[in-house]
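Student: So you can see what is in the structure, the chains are spelled out below.
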Amino acid sequence: MALRPVAEKWLEARVNETDLAGLEIERSDSNQLVIRLSGVWRLHHGMPTANRLKPQLISSPRPSHVTVEASRLRAWDSSLVNFLAGLTRICNAHQILLDRASLPEGLNRLVELATSAPELKEPRATTTETLLTRAGRTVLARLEGFATYVDFVGLVALALGNALRGRARFRKIDLLEVLQASGADALGIVTLISYLVGIIMAFMGAVQLQQFGAAIYVADLVAIATVREMGAMMTGVIMSGRTGAAFAAQLGSMKVTQEIDALATMGISPIEFLVVPRVLGLVLMMPLLCLYADFVGILGGATVGVTMLGLTLNSYMQQTIGAIWVSSLVGGLVKSVAYGVLIAIAGCYQGFECGQSSSAVGEAATAAVVNGIVMIVVACGLFAVIFNLLGF
Amino acid sequence: MAFGPRIIMRDLNFTVARHEIFIVMGSSGCGKSTLLRHLVGLEEPVAGEILFRGEGFTRADSATRENIIRRFGVLYQSSALWSSMTLAENVGLPLAQFTDLSPAEIREIASLKLALVGLGGFEDYYPSEISGGMQKRAGVARAIALDPEILFFDEPTAGLDPTASRLLDDLILELRDSLGATIVVVTHELASIFAIGDNCIFLDRETRSIGARGHPKELLGQTDNPRVREFLTRGSTRAAADGGL
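Residue numbers (this note's numbering), protein chains in the order written: chain A, 998 to 1389; chain B, 11 to 255.
Possibly wrong hints are sitting among the right ones.
A few chain B positions that, by computed beta-carbon distances, are all more than 10 angstroms from chain A [as the list claims (entries may be wrong)]:
#1 Asn23
#2 Pro55
#3 Arg75
#4 Tyr86
#5 Gly130
#6 Ser219
#7 Gln232
#8 Glu240
Which residues of chain B face chain A? A partial, calculated answer using Cβ under 7 angstroms [what the hints assert, rightly or not]:
#9 Ser38
#10 Ser94
#11 Ile119
#12 Ala125
#13 Asp157
#14 Asp187
Derived CB-CB ranges, DEER-like [said to hold, decoys possible]:
#15 Ser138/B <-> Gly1378/A: 35 to 45 angstroms
#16 His1062/A <-> Gly231/B: 13 to 23 angstroms
#17 Glu54/B <-> Leu1189/A: 34 to 44 angstroms
#18 Val1204/A <-> Ser138/B: 53 to 63 angstroms
#19 Arg1071/A <-> Thr74/B: 43 to 53 angstroms
#20 Asp21/B <-> Asp1096/A: 50 to 60 angstroms
#21 Arg1049/A <-> Ala57/B: 46 to 56 angstroms
Hints in this document: simulated from the structure, not taken from any laboratory.
Please read all numbers here as calculations on a predicted model, not as lab measurements.
Note that CB positions come from ideal geometry on N, CA and C, so glycine has one too.
If we strip away everything but chain A, and leave its shape as in the complex, we get (with noise of 0.2 angstroms):
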């Protein structure tokens, strides 16, 4: 039988001819195939597959006998180990026999090393689920979440009724470090949110008043809304995206490095000696984070009162004072301590729940801060049914 050459060459012709990457198929009689390798295989030239080979190899008649021959192989990476193994594979399947022997011995080693039967048998199972079994384990998963948390929330009162009565082990050195991060640390950052919404809302005030030449009600506006809402709004809006988030990530990689797990075999709550620090910490300096937002706010109001509304700083502050009642301020003060409980906990809770992978210190501290802005909001709309039934 006469030779029937069938040249391929599927790699691009690169500037240098003896550089391609070649492969020719040749057929010496009805069952032998010899398969020639040639030049340089490097994966950034391209990565041609066995699989292309496969209708020559299985078209009858079929050969018994495949011969990979590589004398003028000159150079070869993993695109050419990919192509054998997956020549082995085919072959294997249909019963041909393949002759390496001609191959570097390297090379005969990866091939074999990646065509050995696979350690897993059955890889992962990629589940396909309805939408209706996903939905029902996401509620069920909610769910589940939920009563941790109360679980959590339990434990965590205890812990503080503990400290409370002097009995919690914690190191005071990290209650004056938490005081310190969530306290003057945050001083910045809430002088300028606080200041500036100040401003937004003497802006949106003063808008609407002008029309009615009530320009000094200004000031009335911003201190009855910065005092009762937004002071503690704003502070833990801000300690929910500073503080909480760090509680959760801190925690969360103290899960990860087991340090969690340390503290609980030297009999050691971590609630009490992780948990209560920062509750206590964040529950202390938010009174006072929100009377600061609260005085800086004003500011803010009295900036725009002074420069756009030409009223002097005196008669806008007498009008500031005449519109704050004591009520209101306490009122305030009381959201922003409710808050404060609901910052830290939802950071130490998250922390205490994160996963084993630093990816999953990032979604803990995720949903550290949107967790805690919910409930922020929440707490808020709560706040405002009692205190009017309350008559505040």
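Guided by the hints, dock chain B onto chain A, whose structure is given.
Tutor: Same frame as chain A, but now just chain B:
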């Protein structure tokens, strides 16, 4: 090498030959891993130069440097697999960045590399779902993704059980023989040192320099440095000497 004013090691002069498995050993805290960080370009030596095939690497311009670094593969002590990606994605990332293969081809090469380290079928697992030994091997698969010329291993067998350590040692030998790569291993595992080392240097914490060099097995018989002896015999020479007195 130095951290600020503190000198970690001085007068480090050594050559790693092609296709050899070169061991950097020494007791904990002597600066082995720091040396490795210098070799792979993460840190810059205070004085001196690192040459790759005779080409200066430390102070080379960024293009040359990048070109050289791409021929390195590194396995970190903690595997350093990206936890948000599956194993196939971990191995495929360098391929996606530095080649123009299609996603399907990248997946194929990633499967191939994972099969080479004995992790065929684990493509869609996340690093947190597999054991420490498997993570190490997956780290090796990622290190060889771009068919590097030099592989650096930082404490490859630390924290692995003897069987897993043995498997990893075999894998290192296999990679050297089949890929034809040069391999630099930082370790203090005696079993590995004797099993795979062709050549080694001992970093001496006391003199802050190389305490001994040579083939590990020959070193054991020849060295005069008591600290090297102690290290290679797990301190039993001192015990024997004490017993003799």
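Student: Go through the numbered hints given earlier and state which of them the structure violates, listing their numbers in rising order.
Tutor: 5, 9, 16 and 19
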